[in-house]
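Using the sequences and the hints given, assemble the complete structure.
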Amino acid sequence: MSLPERQTDVGPPHFEKFLPPVIKENYGKWKSHEVLTPGTMVHTAESGDQIHTVRIASPRILATETIREMCDLAEKYCGGFIRFTTRNNVEFLVSDKAQMDPLVAELKEKGYMVGGIGPGISNVIHTQGWVHCHGACTDASGIVKAMMDEFHEYFTTKTLPNKVRLAVACCVNMCGAVHVSDIAVVAVHRKVPAIDDENVGKMCEIPTVIGSCPTSAIRPNPKDKTVTINEEKCMYCGNCFTVCPPINIHNPEHDGVAIVVGGKIGSLRTSPKFSKLAIPFLHNEPPRWPKVVDAIKNILDVYAANARKHERVGEWIERIGWEDFFKLTGIEFTFQHIDDFTFMRDTLRTSAAFKY
Amino acid sequence: MGKYKTPMLDELEKGPWPSFVTEIRKAMNTSAMPEMAEDELGQLEKSYVTKKGYWKHGGIVGVLGYGSGVIGRYSSLPEEFPGIAHFHTYRINQPSGFFYTSAALKEICDIWDKYGSSLTNMHGSTGDLVLLGTTTANLEPLFAEYSSRGWDLGGSGSAMRTPSCCVGMARCEWANIDAMGICNHMTQHFQDELHRPAFPYKFKIKVSGCACDCVAAIARADLSIIGTWKGDIRIDQAEVKKYADGGMDIQSEIVGMCPTECMTLDGTTLSINNEQCSRCMHCISKMTMALRPGEEKGATILVGSKAPIVVGSLISWVLVPFIKCDDEDFALLTELTENIIEWWDDNAKPRERLGELIEVKGMRPLLEAIGVDPQPQQVREPRKDPFFFWSESDFDK
Ligand code: HEM
Ligand code: HEM
Ligand code: SF4
Ligand code: SF4
Ligand code: SF4
Ligand code: SF4
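So the sequences go chain by chain: L and D.
Sequential numbering of the first sequence, starting at 223, is according to this note's numbering.
Sequential numbering of the second sequence, starting at 889, is according to this note's numbering.
In short, the hints are calculated from the structure, not lab data.
Every residue gets a Cβ at the ideal spot worked out from N, C-alpha and C, and that includes glycine.
Heads up, some of the hints might be wrong.
[What the hints assert, rightly or not] Partner residues aside, some chain L positions facing chain D, computed with beta carbon under 8 Å:
1) Y249
2) G364
3) K531
4) H532
[What the hints assert, rightly or not] Selected chain D positions facing chain L (in silico; Cβ < 7 Å):
5) W905
6) E911
7) T918
8) F1031
9) M1169
[Claimed, not checked] Computed list of lysine-lysine pairs in BS3-like fashion (alpha-carbon distance at most 27 Å, straight line):
10) D/K1174 to L/K531
11) D/K994 to L/K246
12) L/K455 to D/K939
13) D/K914 to L/K298
14) D/K940 to L/K519
15) L/K513 to D/K893
16) D/K902 to L/K380
17) L/K498 to L/K413
18) D/K1130 to L/K385
19) D/K1249 to D/K1285
20) D/K1212 to L/K246
Okay, here's the thing in structure tokens:
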């Protein structure tokens, strides 16, 4: 069977092809919106036209069969118009208001989670993990599933003082926005990679290996046709492993995850913030990572009980002070919490006024 | 039941949240190569037992004439899991705003079932529609099928990465700029830079219509384009009154949380000292029916954000406080983007991101290269130390 003729550099299709007519007509002319339930909202245009949105969660990894199922529902209720959000939710764009409730009912009946809008927990930004990436020191999808089985009510019904954005990254490259999330899990290695000298010589280009190290920790060892790593300089980033598999960064006993908190993207009220270290290490405990889930639940509960309405996690912590955050959550403060890298100057305390 | 016993993963098929394990299992029903999803499950179960991954980076694979868009991925246990000996990622450039029709999506699925694992990521964190798991031999057929239907590859490697954006003017009243239009335009404009890696490192563009920044542009893009406005916030006092009557404590929730203390409430009449407003979006986002951004629209351009490797994460810095984005083909913005990229491309060492280059060189050379004056909006505070340099051009002023 012959293949169709390939085209190059055509780019993606223009989005206009995929917009429902009511959106095309009111593009750039929306006036207001109202969140009806945590899973539904209505946008109203200057013209008075309306579009209703129904949002559901997805696990981000989707089989084509599931995508087709969603498409069938979109065809049945909203002319086949469907979109995805930046947090991997799925949205049905309903032009005929009468179709919204039946759609929601059928979604719920089929077991989909309808929600994710408003001050609660939306879908969790996460990365590939053991499912697909060579560098992963945990499985992002597994942690997300375990977390959201516990917190799903904040997606569908329950509310918090403000949105709590969760994320999971499976190594310090952080393919996601972990460094600016309210609560995030980032997987970390804690040991210098182990070198299989014989295979390094056989399989790897030594200059490439040396060049791959961001901290110049790798020195050639010409005598044995291999390399050595300076333990003082190595920060376990795994770049050397990427270019040379016999330099093994994986260490199941010592790999695990850290938890960071207080990051924020929007400029609302206060400037965007980085997430900061709350818990330096927890072991990988597949399949359900109970200690990780418990630790996040603890932080969430303390936030929910103490933050003022509209305060994000980071804003709440800045108001009460980090010393109070550690006290209220009971999280142990360790040497790892004190920055000794690029941000040290900004993070050490320079005032004699603080709380106990 | 498949070939493997997977007690660990079975555990993750329980519970209310949608399960990725179920999705991997479902892929076996539709793929022409069901052994891919099956062996993926087998290998993943092994990872859950041993707590380590079994993937190899590697090998350059791709389609003819392109240097990016495909990520080579191989199992490090090909004898044990032959179905995933090759398990490459094929990145399809998404339509701006992630809008689809069911017909388009089903067509994408049909092709993927024929030539791949039936597994996807909707979407990858950069924005692409990610197809997870195919073989080297199937790459050209996939490209022929998709490109002939108007679906091109996204970016990867040291190239322009697939730009992405929020839903913007398509369905959000706060969009100060046409985020989807800009995203689509930039994607089309930089096709060559996207598909043929020739940059020092990756370069990401993200566009959000307002300071809520739903695409996290400020944290994950070398060039963050964020919509904003000038002039007065539009107030509908009748709607303000409705919020008050509906029980909102406007004084504490809105006026009291305004970071610039520029709002006052008199009874149920709200007033804003717009000169003092920093346009943070707090009040507007909480009183969606009553408040709307001002009418002179444009964007703030920020640069430099990136993930932590190597010396720590960066959040983007303000470069151009306000630029109009309503001209034909976004010409002003496109020219500015080209100039920023050119400065970076000319000056950066290999694997140096824009933010890192600015840290080395300072803001001044970039501002001079793009012809933008120094302005207090670019800093949180002026410098603290007395070690500053002068150039001849400063003496002429
Ligand atoms: C209180 C401040 C905020 C308000 C009022 C707000 C409002 C909204 C609205 C109306 C949408 C729907 C847009 C659409 O039609 O897709 C949205 C979506 C989104 N927002 Fe925000 N936003 C806020 C802050 C943030 C922040 C701080 C982040 C990131 C940390 C964020 C991330 C997102 C994302 C990723 C989406 C896409 C929808 C999803 O995947 O769930 N938002 N936001
Ligand atoms: C310099 C740091 C980074 C390195 C070395 C890196 C490396 C990688 C690698 C090796 C993969 C392949 C995973 C797979 O096998 O599927 C990957 C996937 C990906 N990365 Fe990164 N990454 C970095 C930072 C980022 C950041 C900051 C983002 C986004 C803001 C990002 C977005 C993506 C996306 C979209 C994918 C595809 C799959 C996904 O969505 O998880 N990467 N990255
Ligand atoms: S965060 Fe690290 S391990 Fe995870 S997908 Fe990105 S590069 Fe791979
Ligand atoms: S893990 Fe990173 S820092 Fe350590 S030696 Fe390898 S490349 Fe260098
Ligand atoms: S960034 Fe602003 S304009 Fe864009 S969808 Fe979010 S709230 Fe709307
Ligand atoms: S946008 Fe922010 S700064 Fe401006 S009035 Fe509203 S809350 Fe105050």
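Here is how each hint holds up against the structure:
| no. | hint | verdict |
| --- | --- | --- |
| 1 | Y249 | holds (5 Å) |
| 2 | G364 | holds (6 Å) |
| 3 | K531 | holds (6 Å) |
| 4 | H532 | holds (6 Å) |
| 5 | W905 | holds (4 Å) |
| 6 | E911 | holds (4 Å) |
| 7 | T918 | holds (5 Å) |
| 8 | F1031 | holds (6 Å) |
| 9 | M1169 | holds (5 Å) |
| 10 | D/K1174 to L/K531 | holds (11 Å) |
| 11 | D/K994 to L/K246 | holds (22 Å) |
| 12 | L/K455 to D/K939 | holds (26 Å) |
| 13 | D/K914 to L/K298 | holds (23 Å) |
| 14 | D/K940 to L/K519 | holds (26 Å) |
| 15 | L/K513 to D/K893 | holds (26 Å) |
| 16 | D/K902 to L/K380 | holds (22 Å) |
| 17 | L/K498 to L/K413 | holds (22 Å) |
| 18 | D/K1130 to L/K385 | holds (24 Å) |
| 19 | D/K1249 to D/K1285 | holds (23 Å) |
| 20 | D/K1212 to L/K246 | holds (23 Å) |
Against the hints set out earlier in the document, no violation occurs for any number.
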